[in-house]
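Asker: Generate coordinates for the entire structure from the input sequences, incorporating the hints supplied.
Numbering of the sequence shown is given in our numbering, commencing with residue 1 and proceeding in unit increments.
Quick caveat, the hints were computed from the structure, so don't treat them as lab data.
Backbone N, C-alpha and C fix where the C-beta goes; we use that ideal spot for every residue, glycine too.
Just so you know, nobody snuck in bad clues.
Distance windows between CB atoms, simulated:
no.	residue 1	residue 2	range
1	Arg57	Glu85	27 to 35 Å
2	Arg72	Phe40	19 to 27 Å
3	Ala129	Met33	35 to 43 Å
4	Arg57	Arg128	52 to 60 Å
5	Ser126	Ser14	45 to 53 Å
6	Gly86	Thr52	22 to 30 Å
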Amino acid sequence: MTELTGGIAVASKSNIAAKARKNAEADFTTWLMMAKLGGFDQLPPNAQSFLTAYRVRLETMNEAESTALAIREVYAAYYSEMGGEGAVPEPQVRKPREDGDVVQLQRGAKRPAAARHSISPTSRKSLRALLIFAGMGALIVLYKYLAQ
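Answerer: See below:
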C-alpha cells in the first residue's frame, strides 16, 4: 500500500509543479505587460516585488536570463502556496527530436470520409440562412398574433 501512496504523492507533486509552472509563466508575462503599459501601481504587492527584482537584475544580466530567473522565483512561490512540499522540482526540459524536424501540433481525431463530406460548407450556410429566415417568419407571425 505504501507504493501506491508513494506513487500518488509523486503524481500529485508533479501535478502541483506543472500547474505552478504554468501559472507562474502566465502571471509573470501578464505582470510584465501591465507594467510596460503603465499599470505597475495596480498590480498586487507580490507582483510588484517580483517585477522590481526583475528590473534590478536587468542591470547585471540580459533580459532572457532575468526573465527565466523571475519565472523560477514565481514558480517556487506558487509551488509552496499550492501545497508542494520539499524542494521545488526542476521543470522537465523538452528533448529535441533526433531527426531535427519541428514537432507538429496534434489535431483532433480524423472523422471518417463519409462524416467529413456529409454536410458541405455551402449547405451549412444555406441551412443557417434557412433557419434565420424561418425564425424571423415565426417572430412576425407571433407579433401579429399578440398585437391583435
